Structures are given as structure tokens and as C-alpha cells.
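Based on the provided sequences and hints, a complete structural model is requested.
Protein chains in written order, with UniProt numbering: chain A, 1 to 224; chain B, 1 to 224.
Because the hints were derived from the structure by calculation, they are not lab data.
Just so you know, not all the hints are guaranteed correct.
Remember, identical chains collapse to one label, so a pair may be satisfied in a single copy or spanning two.
[Unchecked claim] Within a straight-line C-alpha distance of at most 25 Å, the following computed DMTMM-like cross-link-like pairs (lysine to aspartate or glutamate) qualify: (1) K149 with D65; (2) K159 with E135; (3) K156 with D65; (4) K149 with E161; (5) K2 with D65; (6) K204 with D61; (7) K46 with D61; (8) K170 with E194; (9) K195 with E43; (10) K149 with D201; (11) K159 with D145; (12) K55 with D115.
Bear in mind the structure is a predicted one, so any value in this text is a computation, not a measurement.
There are 2 protein chains.
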Amino acid sequence: MKAVILLSGGLDSTVCMSVANNKGYELYPISFNYHQRHKIELESAKKVANFYNVKHHLIIDTNMDAIGGSALTDKNIDVPCGNIERKDIPVTYVPARNLIFLSYALGYAEAIGADTIFIGVNSLDYSGYPDCRPEFIQLFQNLADYSTKASIQDKKHIKIETPLLRLTKKEIVLLGTKLMAPLQYTHSCYNGKEKACGICDSCKLRLRGFEEAGVNDPIEYINR
Amino acid sequence: MKAVILLSGGLDSTVCMSVANNKGYELYPISFNYHQRHKIELESAKKVANFYNVKHHLIIDTNMDAIGGSALTDKNIDVPCGNIERKDIPVTYVPARNLIFLSYALGYAEAIGADTIFIGVNSLDYSGYPDCRPEFIQLFQNLADYSTKASIQDKKHIKIETPLLRLTKKEIVLLGTKLMAPLQYTHSCYNGKEKACGICDSCKLRLRGFEEAGVNDPIEYINR
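Written out as C-alpha cells, the structure reads:
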């Protein structure tokens with residue numbers, strides 16, 4: 001039983017990987033070098049993939065930054081700090097990113113004969129991103145059920161699993177801790193330095209999650 | 001009024017470009033270097049984009065071939081010849097390719113503020129591909145209506161236009177001829193040499209379309 005796991009190297013996708021592992025899937029992580037600012041995430045993804053001793057770690061290289069329009073791929077836009085309670089869509093939103101990632105994952109799942117795709121989207125702490133919402137995932141599932149060769153020839157569907165969809169960061173930390181996910185290798189900071197800044201919105205959300213869970217965050221921070 | 005056009009450099013996408021041009025859109029073509037066998041298509045796409053004097057031609061580089069599973073990206077699988085009446089899904093099918101292409105196009109449309117995406121899918125002459133069917137396009141539209149920032153904040157939807165969806169190859173040739181599409185720059189052959197082979201299924205379908213339309217195919221062939 002094979003599963004493709006969208007693995008960014010961040011906290012959520014790593015916990016997602018631990019869930020898929022715990023369910024007994026053969027793990028096929030897929031990661032992206034999309035010229036993102038925090039490319040160090042990719043190093044984290046590799047460490048996590050190694051930790052789980054996977055057969056193959058697919059890394060897709062793509063100049064997604066050429067599309068433009070996001071602080072995560074455009075060095076001229078500052079990453080956001082100091083507003084983790086925002087209700088608008090942050091500048092770190094990358095147009096259609098999850099859609100692009102899921103599309104590759106679907107193609108990969110089809111090519112290797114996997115029946116499940118795991119994605120660590122979370123609708124609570126990142127409600128600003130349109131492509132993290134439950135409705136988005138359901139609509140993608142509808143599309144996936146219609147767009148593969150397997151769905152026509154063998155009536156075989158590929159299921160999108162979102163184990164973190166309705167969890168808080170605190171619950172994600174607790175789940176990852178319980179499943180012994182290698183949280184020490186994960187990277188969440190928007191600034192992409194080796195040590196996390198501790199100040200950007202992504203660091204703040206992560207730190208609050210660990211604090212509320214009563215778990216020590218094993219990574220190093222410049223400010224904490 | 002901006003439109004993103006998926007431009008492969010083949011006959012269909014070039015006719016699609018001429019339709020968008022004829023409708024008065026400002027043209028933003030997007031093409032892909034996905035390590036496909038017939039990379040010469042990309043040169044055709046550039047010539048077509050130049051012909052229409054576009055402001056920007058976005059070229060996405062991606063190692064989609066790493067996904068595997070297709071004769072179009074794997075040199076170890078032969079391209080098909082001699083069976084253009086087939087009913088099964090040919091080996092040239094690239095898992096999730098149109099889904100991946102449309103996803104990038106959606107992100108690009110969102111980033112530049114385009115309200116339309118043109119894609120030259122055609123359900124008649126390539127009915128074997130699951131991601132060329134009308135239902136696939138409708139399901140993608142449903143998803144697109146839910147996955148952009150614009151669809152949440154401004155209730156603005158990006159429309160997927162498929163002007164060739166129900167046309168025969170003959171009708172596509174006639175339409176392109178009428179709209180003075182630069183068919184002389186297009187490339188359809190699976191083998192990816194400078195001159196089209198005239199033998200592979202893609203050449204055969206194209207040649208039959210021109211013949212039925214009573215139009216001379218302006219490109220050069222090795223065998224005809």
C-alpha cells in the first residue's frame with residue numbers, strides 16, 4: 001500500500017508523514033524546489049525522508065517564482081511579522097501553490113500506483129489561504145476522481161487524506177510527539193536562515209503551538 | 001482584458017491562441033519545458049508568441065519527467081505509430097499533465113489579474129486522454145472558482161475557455177486558417193526532430209485534418 005506525501009519539511013507535513021507511516025503505508029514523499037525564499041525547508045524535507053528510510057524521495061524543481069505575486073518567492077516583498085491573528089490573506093500566499101503541488105502528487109501517485117495522497121493542510125491556523133480549506137480539498141478530490149487513467153480504466157480512485165485539517169497547532173504538536181515524528185529536523189521560519197528567527201508569523205504560530213502543548217520545541221531559535 | 005493561453009507550440013494551442021487574439025484579449029502565453037521528448041515544440045511556442053508580439057511569454061521549467069510513466073518523457077518507451085483509431089489510453093499520456101498545466105495557468109492568471117485561461121483541449125480526436133474530457137474541464141472550473149484569493153476576496157472568477165473542445169481536427173485547421181494563425185510555426189510530431197516524421201500517430205492525425213479541410217499543411221515532413 002503506497003502513499004504519496006507532500007513533504008515540505010515544515011512541522012505540519014512532517015507530522016502528516018508520521019501519520020501515514022503509522023497507518024502502515026509505504027512512504028513516497030514529494031518535495032518542491034520552487035525557488036522559495038526558505039529553501040532550507042528542502043534540507044529539512046530530505047532529513048525527514050531519510051529518517052523514515054524511504055525508497056524514493058521525489059524532488060520537483062520548478063521556477064514557480066516566475067509566476068510572481070508572493071512574499072515567499074519574491075525577495076522584494078517582506079515576510080509578515082506581528083500579525084498572527086489576521087483575517088485577510090497574507091502576502092505569503094503563493095497563487096495556486098497547493099493546487100500545483102497536489103497536481104504533481106496526483107500524477108506521481110498515478111505513475112507509481114499509490115492509492116492515497118497525504119497533505120498536511122490545516123484550516124484552523126491558516127484559514128487565510130483559500131487552498132487550505134476543506135471545500136478546496138473536496139473539490140480537488142472530485143477532480144482527481146475524474147482525471148486519472150486509473151479512474152477510467154480500473155475505476156480505481158486515489159484518495160486525498162488530510163489528517164491535520166481540523167487540528168490546532170497544539171494538537172498537531174501533540175500528535176507528532178505521540179507518533180515520534182522527527183520534529184527536530186523540521187523548519188517553519190519564513191526567513192530561511194539555518195536558525196529560525198522566532199519573530200515571523202510562522203515562527204510565532206509554531207512556538208505558540210508547542211507552548212500550548214507543553215512540549216519543548218527541539219529546533220534552535222535566534223530570538224525566543 | 002488579459003488572458004493566459006496554454007501554448008505548447010502544437011496545432012491546437014496555436015489555433016487557441018488565434019481565437020483569444022481574435023476576441024481582443026491581451027495575450028499571456030505560458031509554455032512548459034517539462035523535459036518532454038519533443039522539446040522542439042517549445043521553439044515553436046516561442047515563434048508563435050513572437051508572431052503575436054506578446055508582452056511576456058512565461059516559460060515554466062520543471063522536471064516532470066521525474067514522475068515517470070509516459071512515452072513523452074521517457075526515452076525507453078516508444079512513441080506510438082499506426083493506430084490513430086485506438087480507443088484505449090495511449091502510452092503518450094502523461095499522468096496529470098493537463099491538471100499540472102492548468103494549475104500553473106491559474107496561479108499565473110491570478111498573479112497578473114487575467115480573467116480567462118484558454119486551453120486547446122479537444123475531446124474528439126484525443127478522446128483517450130482522461131484530462132481532455134469536458135467533465136474534467138468543468139470539474140477544474142469548479143475547483144478554480146474556489147481556490148484563488150480573488151474568488152474569496154473579490155468574488156471574481158477566472159473562466160476556463162476551451163474553444164476547440166468539440167471540434168474535429170478538420171474544423172480546427174479551418175478555424176486556424178480563417179483566423180490566420182501562424183500554422184507554419186507549429187509542431188505536432190512525437191519524435192521531436194526538426195522535420196516532422198509524418199508517420200507517428202500525432203503526424204497522422206494532423207495530416208488527416210489538413211487533408212479533410214482541403215488546406216495545405218505548411219510544415220515540412222520527412223515522409224508524407
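Outcome of the hint check:
With identical chains, the CA atoms of K149 and D65 are at most 25 Å apart between copies only, with a shortest distance of 17 Å across copies and 30 Å within one. In the homo-oligomer, the alpha carbons of K159 and E135 lie at most 25 Å apart both inside one protomer (15 Å) and across protomers (19 Å), since each shortest distance falls under that limit. Taking the closest pair of Cα atoms, K156 and D65 come within 25 Å of each other only across two copies (23 Å); inside a single copy the shortest separation is 34 Å, beyond that limit. In this assembly of identical chains, K149 and E161 lie within 25 Å of each other by CA distance both inside one copy and across copies; the values are 20 Å within and 23 Å between.
When the C-alpha separation of K2 and D65 is checked against a cutoff of 25 Å, the pair qualifies only between copies, where the shortest distance is 20 Å, while the shortest distance within a copy is 31 Å. Within a single copy, K204 and D61 get their C-alpha atoms no closer than 29 Å, and across copies no closer than 34 Å, so neither meets the 25 Å cut-off. For the homomeric pair K46 and D61, the shortest alpha-carbon distances inside one copy (14 Å) and between copies (22 Å) are both at most 25 Å. Proximity of K170 to E194 under the C-alpha cut-off of 25 Å is restricted to the intra-copy arrangement: shortest distance 24 Å within a copy versus 58 Å between copies.
In this homomeric assembly, K195 and E43 come within 25 Å of each other (Cα to Cα) only inside a single copy, at 13 Å, whereas the closest approach across copies is 44 Å. Within a single copy, K149 and D201 get their C-alpha atoms only as close as 41 Å, which misses the 25 Å cut-off; across copies the closest is 19 Å, which meets it. Taking the shortest Cα distances, K159 and D145 sit within 25 Å of each other both inside one copy (8 Å) and across copies (22 Å). For the identical chains of this complex, K55 and D115 are intra-copy neighbours only, at 17 Å inside a copy versus 42 Å across copies, given an alpha-carbon limit of 25 Å.
Violated hints amount to a single one, hint 6; each of the other numbered hints is respected by the structure.
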